[in-house]
Amino acid sequence: GAVVSQHPSRVICKSGTSVKIECRSLDFQATTMFWYRQFPKQSLMLMATSNEGSKATYEQGVEKDKFLINHASLTLSTLTVTSAHPEDSSFYICSARTGGTEAFFGQGTRLTVV
Amino acid sequence: KQEVTQIPAALSVPEGENLVLNCSFTDSAIYNLQWFRQDPGKGLTSLLLIQSSQREQTSGRLNASLDKSSGRSTLYIAASQPGDSATYLCAVEDQAGTALIFGKGTTLSVSS
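Just so you know, the sequences run in chain order A and B. With the working numbering as the guide, the letters of the first sequence map in order to residues 860 to 973. With the working numbering as the guide, the letters of the second sequence map in order to residues 190 to 301.
Calculated from the structure, these hints are not laboratory results. This structure is a prediction, so every number in the text was calculated from the model and none was measured. We treat Cβ as the ideally placed atom computed from N, Cα and C, and that holds for glycine. Among the hints, erroneous ones may be present.
Between beta-carbon pairs, the in silico distance windows are [as the list claims (entries may be wrong)]: (1) A:904 <-> B:199: 12 to 22 Å; (2) B:272 <-> A:904: 22 to 32 Å; (3) A:862 <-> B:216: 30 to 40 Å; (4) B:209 <-> A:904: 22 to 32 Å; (5) B:258 <-> A:932: 38 to 48 Å; (6) B:216 <-> A:885: 26 to 36 Å; (7) B:272 <-> A:862: 19 to 29 Å; (8) B:270 <-> A:900: 15 to 25 Å; (9) B:244 <-> A:875: 51 to 61 Å; (10) A:927 <-> B:201: 39 to 49 Å.
Per the computed footprint, the stretches of chain A lying under chain B, defined by three or more beta-carbons under 8 Å from a beta-carbon of chain B, are [claimed, not checked]: (11) 946 to 958; (12) 963 to 969.
Sequences and hints are given; from them, build the entire structure.
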């Protein structure tokens with residue numbers, strides 16, 4: 860299957876700082892990327908959907924000013940957690956697809972805010 | 190709104206047993222259903238994808254079935270091994286190109 864690379868795999872940051880997570884489709888062009896977050900022993904919850912070149916669509920309850928998503932190219936989407944707080948500590952996973960094809964997932968990013 | 194439920198939440202079996210993991214979804218009008226494996230602290234590994242027109246898919250010791258009309262899917266694992274220990278997630282795609290909706294998963298532990 861296609862490869863989606865997510866970086867970094869782990870990050871620890873201080874409260875109040877911002878953290879950027881990258882999601883790249885390595886061998887295909889991703890017209891749509893999805894960002895999920897997962898709390899311990901919980902399911903993956905969709906945060907937002909982004910289509911290349913347009914603004915992301917956020918799920919209800921997700922603060923768009925806090926979780927900035929940029930999908931500037933067909934191979935790269937970024938999620939920036941701004942002014943991070945301990946409650947933002949979680950596992951973030953991206954997914955990428957082209958049209959109605961199968962979605963492929965990144966390896967995930969473990970964010971810890973101290 | 191689509192909801193995905195997985196039963197049981199956790200399962201412990203001795204090596205060699207055959208087992209079944211269950212997944213149900215509330216809205217039967219799905220595009221496809223997918224089973225994933227997730228190891229602790231890791232990302233997702235896709236196991237099987239079943240299109241809405243299909244009834245089952247097989248890969249090695251894994252067999253997934255889909256009964257769309259009743260909103261159910263099962264993942265059958267034959268001759269379980271300790272390496273099968275992981276969390277298994279079921280996810281549905283309501284319409285082509287939309288995000289997957291996940292269940293909470295079944296955490297499987299296979300003892301040697």
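Against the structure, the hints come out as follows:
no.: 1; hint: A:904 <-> B:199: 12 to 22 Å; in the structure: holds, 20 Å
no.: 2; hint: B:272 <-> A:904: 22 to 32 Å; in the structure: holds, 28 Å
no.: 3; hint: A:862 <-> B:216: 30 to 40 Å; in the structure: holds, 31 Å
no.: 4; hint: B:209 <-> A:904: 22 to 32 Å; in the structure: holds, 26 Å
no.: 5; hint: B:258 <-> A:932: 38 to 48 Å; in the structure: holds, 42 Å
no.: 6; hint: B:216 <-> A:885: 26 to 36 Å; in the structure: holds, 34 Å
no.: 7; hint: B:272 <-> A:862: 19 to 29 Å; in the structure: holds, 23 Å
no.: 8; hint: B:270 <-> A:900: 15 to 25 Å; in the structure: holds, 24 Å
no.: 9; hint: B:244 <-> A:875: 51 to 61 Å; in the structure: holds, 53 Å
no.: 10; hint: A:927 <-> B:201: 39 to 49 Å; in the structure: holds, 42 Å
no.: 11; hint: 946 to 958; in the structure: holds (count 5)
no.: 12; hint: 963 to 969; in the structure: holds (count 6)
Checked against the numbered hints listed earlier, the structure breaks none of them; every hint is satisfied.
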